[in-house]
Every structure is written in structure tokens, then in C-alpha cells.
Amino acid sequence: MTIDLGRGLVLRNPVMTASGTFGYGEEYTDFVDLAQLGGIIVKGTTLHPREGNPYPRMAETASGMLNCVGLQNKGVQYFIDTIYPRIKDFDTNVLLNLSGSCLEDYVKGAEMVDALDKIPAIELNVSCPNVKQGGMAFGVTTTGIAQVVSEVRKVCHKHLMVKLSPNVTNIAEIALAAEAAGADSVSLINTLMGMAIDAEKRKPKLSVITGGLSGACVKPVALRMVWQVAKAVKIPVVGLGGISNATDAVEFMIAGASAIEIGTANFIDPAVSAKVAWGINEYCERHGFATAADLTGALL
Amino acid sequence: MKQIADFKLVEKQDFGRSVMLRLHAQQPLPEILPGQFVQVRVDGSPTTYLRRPISIHDVDFKQNEITFLVQQVGEGTRHLAVAKIGDTINMVLPLGNGFSLSEKGERCLLVGGGIGIAPLFYFAKVLNERGVRPTLLLGGKTESDLLRLADYQKLGETFVTTEDGSLGEKGFVTQHSVWQKQQFDKIYVCGPKPMMKAVAKLAAEKNVWCEVSLENLMACGLGACLCCVEDTVDGNVCVCKEGPVFNTRRLKW
Numbered sequence: 174m175t176i177d178l179g180r181g182l183v184l185r186n187p188v189m190t191a192s193g194t195f196g197y198g199e200e201y202t203d204f205v206d207l208a209q210l211g212g213i214i215v216k217g218t219t220l221h222p223r224e225g226n227p228y229p230r231m232a233e234t235a236s237g238m239l240n241c242v243g244l245q246n247k248g249v250q251y252f253i254d255t256i257y258p259r260i261k262d263f264d265t266n267v268l269l270n271l272s273g274s275c276l277e278d279y280v281k282g283a284e285m286v287d288a289l290d291k292i293p294a295i296e297l298n299v300s301c302p303n304v305k306q307g308g309m310a311f312g313v314t315t316t317g318i319a320q321v322v323s324e325v326r327k328v329c330h331k332h333l334m335v336k337l338s339p340n341v342t343n344i345a346e347i348a349l350a351a352e353a354a355g356a357d358s359v360s361l362i363n364t365l366m367g368m369a370i371d372a373e374k375r376k377p378k379l380s381v382i383t384g385g386l387s388g389a390c391v392k393p394v395a396l397r398m399v400w401q402v403a404k405a406v407k408i409p410v411v412g413l414g415g416i417s418n419a420t421d422a423v424e425f426m427i428a429g430a431s432a433i434e435i436g437t438a439n440f441i442d443p444a445v446s447a448k449v450a451w452g453i454n455e456y457c458e459r460h461g462f463a464t465a466a467d468l469t470g471a472l473l
Numbered sequence: 006m007k008q009i010a011d012f013k014l015v016e017k018q019d020f021g022r023s024v025m026l027r028l029h030a031q032q033p034l035p036e037i038l039p040g041q042f043v044q045v046r047v048d049g050s051p052t053t054y055l056r057r058p059i060s061i062h063d064v065d066f067k068q069n070e071i072t073f074l075v076q077q078v079g080e081g082t083r084h085l086a087v088a089k090i091g092d093t094i095n096m097v098l099p100l101g102n103g104f105s106l107s108e109k110g111e112r113c114l115l116v117g118g119g120i121g122i123a124p125l126f127y128f129a130k131v132l133n134e135r136g137v138r139p140t141l142l143l144g145g146k147t148e149s150d151l152l153r154l155a156d157y158q159k160l161g162e163t164f165v166t167t168e169d170g171s172l173g174e175k176g177f178v179t180q181h182s183v184w185q186k187q188q189f190d191k192i193y194v195c196g197p198k199p200m201m202k203a204v205a206k207l208a209a210e211k212n213v214w215c216e217v218s219l220e221n222l223m224a225c226g227l228g229a230c231l232c233c234v235e236d237t238v239d240g241n242v243c244v245c246k247e248g249p250v251f252n253t254r255r256l257k258w
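These protein sequences, in sequence, are chains A and B. Take 174 as the starting number for the first sequence in our numbering and just add one per residue. Take 6 as the starting number for the second sequence in our numbering and just add one per residue.
I should point out that these hints are in silico values taken from the structure, not numbers from a laboratory. Note that the structure is a prediction, hence the values are computed from the model and not measured. Note that beta-carbon positions come from the ideal geometry of N, C-alpha and C, so glycine has one too. One or more of the hints may lead you astray.
Said to hold, decoys possible - One-sided and incomplete, this derived list gives chain B residues near chain A with beta-carbon spacing under 7 Å:
id, residue
1, Y54
2, C225
3, L231
4, V234
Claimed, not checked - Covered, in the sense of this in silico footprint (three residues per stretch, anywhere, with C-beta under 8 Å from a C-beta of chain B), are these stretches of chain A:
id, stretch
5, 216 to 229
6, 365 to 374
7, 407 to 415
8, 420 to 426
9, 442 to 453
As the list claims (entries may be wrong) - Footprint (simulated), chain A over chain B, 3 or more residues, beta carbon under 8 Å:
id, stretch
10, 6 to 13
11, 216 to 224
12, 235 to 246
Model the full structure from these sequences, guided by the hints.
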């Protein structure tokens with residue numbers, strides 16, 4: 174079942190949990206044996222602490238939800254001092270999702286995380302839609318992504334996964350720019366920019382008006398983008414966006430993903446990630462695939 | 006330890022806009038403290054995609070039963086209200102931190118507003134088991150909002166206010182004469198935010214310890230998504246994980 178994403182990042186199986194939906198893993202240990210997952214990607218972290226956006230930060234939508242959390246976190250140093258010692262010995266890959274508001278912050282943050290032995294990879298978040306000078310500014314142009322990825326690459330000796338924004342005209346172009354700048358893999362999609370209005374009050378439902386859409390409703394968009402990107406790049410693609418069960422996960426792999434992330438579905442069934450890992454296995458047995466890696470790009 | 010469990014609806018009592026649901030689990034219940042909550046998977050329809058946080062009205066550990074008192078306020082609670090006897094309802098429980106339990110000899114006041122009275126029933130029951138007889142102050146818009154009043158009265162001296170004066174003293178809970186007549190060591194509040202803020206202000210004026218139970222909009226219920234935050238002296242914290250019960254000194258109210 175192992176999935177080798179390159180530069181030392183080897184997953185036990187293709188299933189990881191998406192940043193911002195699984196806390197630091199600790200929140201889910203009553204429901205999931207983390208040893209049954211390929212990896213967990215911990216909450217988006219920035220060099221400096223961030224309070225995030227004001228409440229309300231969430232609005233439910235048809236088969237999904239909008240959020241505008243705004244990267245609330247206590248900063249890289251706090252992660253290193255307080256959280257890392259608690260989670261570094263989890264029996265799974267612990268990836269850190271790193272975000273920033275300027276190039277220097279990304280580079281400094283990556284340098285600090287690079288020194289952590291038990292973190293095998295950085296997921297570079299250049300696609301957060303909820304922060305004013307958030308990473309998304311970097312993630313929506315080929316020059317922006319090339320700049321941030323190449324600068325981080327210089328200080329990052331670990332596997333560098335770049336998380337892409339779907340809020341672009343041509344995501345394959347962005348993925349190619351990330352690959353050319355030294356990314357080891359790309360993960361997609363981050364949330365789609367959206368909005369919700371309370372008609373009775375004639376007011377936006379989110380404190381900062383717009384937010385990121387996630388959940389089952391985004392799956393067809395995500396699947397299409399994974400398929401497009403996988404055709405374009407040579408590096409592994411990690412697919413996410415609305416995956417709620419093993420069948421969804423298998424679809425992403427058939428479309429070209431080497432691994433997948435489960436996000437919003439963790440909120441609905443806290444045990445879903447382990448079930449998906451088991452279900453992919455079951456699918457492989459049923460369809461005669463020797464290993465899950467063989468599913469990648471198996472679209473007929 | 007938190008668990009995901011299926012419950013079967015075994016009894017339903019209709020109170021008009023509200024409904025009481027008694028649910029039975031096959032397996033023994035985990036420890037559940039008053040003020041903790043559950044995340045209910047309503048039906049998985051597109052309009053109730055996320056779980057719904059519901060307060061715990063009563064628990065029967067011998068029978069493996071948990072009871073909700075739910076008011077229909079949106080899609081999720083409307084779906085719950087039409088559940089049929091025998092229906093399976095999936096829950097994640099228990100979540101959050103409960104009320105601080107009073108010690109024997111402490112004079113405690115439980116203040117409930119509207120459907121916010123729901124978790125105070127189990128709380129008052131547990132206090133009684135600990136030898137603490139609480140005073141209850143329950144408020145509603147009108148008489149029919151004060152559900153199961155006779156049952157609450159068994160758990161402690163109970164005072165009532167209604168905004169239309171149809172039962173008890175007319176006005177808000179903060180206007181009740183009990184505030185002039187009695188002293189309390191601890192005040193616990195559950196209800197609409199403006200009402201809880203008003204009680205918290207009153208408690209602060211009297212320099213009395215006060216806890217409130219918040220119900221911010223949630224997604225995960227586990228402290229992972231950071232959607233349900235409340236502004237506190239320690240910054241934004243998750244109501245689902247660090248609350249839902251907070252000492253008012255910690256809140257920036």
C-alpha cells in the first residue's frame with residue numbers, strides 16, 4: 174500500500190487529513206488510530222501568531238460550508254516549543270502546513286520547520302483565501318508561485334508540497350510553475366472563494382463577508398482540477414476537495430492523484446479517515462489492483 | 006473518552022415549538038458532565054450537512070439513555086423534531102467542558118432563558134445528588150416557554166419570569182425580585198446571549214462568581230476547525246473545546 178511521494182516522504186497508505194480540519198491530530202485520537210493513516214497535516218501555521226478573523230467564521234451551505242477562520246495560530250515558535258513535542262512521536266507522518274503574508278515570513282518559517290527531525294514535509298499554503306495579504310496573492314499567478322516556491326526551496330531540505338488555490342483561470346499553469354520552481358508535489362484544491370447572505374437581515378453571514386467553500390459540494394470541481402494538473406506535471410499530485418468516503422478517494426486517484434487528503438468530512442464523521450484508508454484497500458482487492466499506487470491515473 | 010454512537014429514539018413528547026426526545030444506546034454511556042453537549046448527525050440532507058450541537062437535558066446511566074429538549078429554530082432542529090420512534094440518531098459525545106460543580110453549603114442560582122433552561126435540568130439533578138439544593142430562575146417570553154416546570158420545581162426552589170406576565174413575575178430574569186431578597190455564591194446561566202450578558206453584568210455588580218454556557222455556531226465540535234471562537238482575555242478560543250461553559254471573568258463582555 175505504501176505511497177512514495179519523493180524526497181523522503183513515504184506514506185503507509187494514500188490517506189492524509191487536510192490542514193485545518195484535524196487540529197494537531199490530538200483532537201481525533203479518540204476516534205482514529207493515527208497509525209492507520211498515511212499522514213496528518215496540521216493546522217496552517219505562520220511565522221508570527223495570528224488571532225484570525227472575528228466571529229462568525231462559518232456558514233453552512235448546501236452540502237458544504239464556508240469558513241473565514243483567517244489562519245488563527247500561535248506562530249511557528251509556539252508550534253516548535255509546545256505542540257511539536259506532544260505530536261512528534263505519532264505513528265504517522267506529521268506534515269506542517271506553512272503560510273505567510275510576505276516572502277520573508279515564508280522563508281524564515283520554512284527554515285525553522287526544516288530543523289524539526291520528525292516533520293518529513295512542509296505543505297506550503299499559497300492559497301488561503303481568508304487573509305488580506307494571505308498566501309493566495311502568491312498562489313494565483315505563475316510568477317508569484319515561482320517566487321515563493323523557489324525561495325522556500327533554498328532553505329527547505331524536506332519534501333516540499335505546494336497547496337494550490339482553485340481560484341485561478343488555469344490551475345495547470347500554476348502547478349507547472351510550482352514544479353519548475355522546485356516543488357516535490359502539489360496538493361489541490363484549497364477552498365473555493367464564496368459568500369453567504371442572510372436574506373432576513375440583509376447581511377453577510379461571515380464576519381469578513383467572503384470565505385472558503387469546502388465539503389461534498391466542491392468535489393466535482395476538485396476532481397476536474399486534479400485531472401488537469403496530473404496530466405500537466407510530472408511530480409506527484411495530492412488530491413483533496415469534498416472527499417467523504419473511499420469511493421470519492423478512489424475517484425481522485427483514478428483522476429491522477431498519488432495520495433488524497435480528507436478535510437471537511439472529518440467534521441461530520443470524526444472516524445472517516447481510517448474508514449477511507451480501509452475502503453481504498455477493499456476497492457483494490459475487489460478490482461485486482463496489487464497496490465493503491467496502481468490506482469493513480471487509472472482512468473479508462 | 007469521546008465516542009461516536011448510534012441512539013434509537015424511544016420516546017417523544019411534543020411541546021409545540023419544542024420537543025423532548027429520549028434516546029437509547031445499546032452500549033453503556035461514557036461519563037457525561039452537566040453542561041457538556043453532543044454533536045448530532047441530523048439526517049445528512051444537503052441542508053443539514055454539518056452536525057448540530059445539542060445540549061444534554063437529562064441522562065439515565067442505568068438505562069443508557071440521554072434526553073434532549075430541543076426548540077425548532079432552524080433546519081436541523083426541525084428535522085430532529087419530526088424524528089419518529091425507532092429512528093436512529095448518530096451522535097458524537099460527550100463534548101466540551103461542563104459547569105463547575107458547587108460544593109455542599111454553597112448557595113447557587115441556576116438562571117435559564119427560553120430553551121436555555123434545557124441543560125439546567127440535568128445540572129440541577131446532579132447538584133441534588135451532591136447534596137446541593139440549587140435555586141432556579143427560569144424566564145420565557147410567555148407561559149408556554151417554561152417547559153417541564155413541575156419537574157424543575159422538584160429540584161430546587163424555582164422562580165419564574167415571563168415577558169408578557171402570563172406566569173410568574175412580569176419582565177426579564179434580571180428584573181425578578183429574588184435578586185433583592187437572596188444572596189448567592191455562584192450563578193450559572195444558559196440562554197440567549199443578550200440575557201446571559203445582562204445576568205453576567207448583574208453578577209459582576211454584586212461581585213458574584215458566574216458561569217455562562219455559550220452556543221456559538223460550530224462545525225467540528227472538537228476544537229479543530231476554529232469556527233466557534235469567542236473573544237476572551239486569552240484571545241480567540243473555541244467554545245466547543247474550551248467551553249461551552251465559561252467563567253464570565255474570562256470573557257470580554
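Right, here's what the structure says about each hint:
At its closest, the beta carbon of Y54(B) sits 5 Å from a beta carbon of chain A; the interface hint therefore holds under the 7 Å criterion. Interface restraint check: C225(B) against chain A, minimum CB-CB distance 4 Å, threshold 7 Å, status holds. Satisfaction of the interface hint for L231(B) is found here, the shortest Cβ-Cβ separation to chain A being roughly 5 Å, below the 7 Å cut-off. The interface hint given for V234(B) holds, since its Cβ lies 5 Å from the closest Cβ of chain A, which is under the 7 Å cut-off.
Coverage of the stretch 216 to 229 of chain A by chain B holds in this model, with 6 residues showing a Cβ closer than 8 Å to a Cβ of that chain against a need of three. Counting residues of the stretch 365 to 374 of chain A whose CB lies closer than 8 Å to any CB of chain B gives 0, so the stated coverage by that chain is violated, three being the minimum. With 0 residues having a Cβ less than 8 Å from any Cβ of chain B, the stretch 407 to 415 of chain A misses the three-residue criterion, and the hint is violated. Check on the stretch 420 to 426 of chain A: 0 of its residues sit with their Cβ under 8 Å from a Cβ of chain B, so the three-residue criterion for coverage is violated.
With a threshold of 8 Å between beta carbons, the proposed coverage of the stretch 442 to 453 of chain A by chain B holds, since 3 of its residues qualify and at least three are required. Residue count for the stretch 6 to 13 of chain B with a Cβ under 8 Å from a Cβ of chain A: 4. That meets the three needed, and the coverage hint holds. With 4 residues carrying a beta carbon less than 8 Å from a beta carbon of chain A, the stretch 216 to 224 of chain B meets the three-residue requirement, and the given coverage holds. Interface restraint, the stretch 235 to 246 of chain B with chain A: holds (5 residues with C-beta to C-beta distance below 8 Å; minimum three).
Hints 6, 7, 8, counting from the list given before, are not met by this structure.
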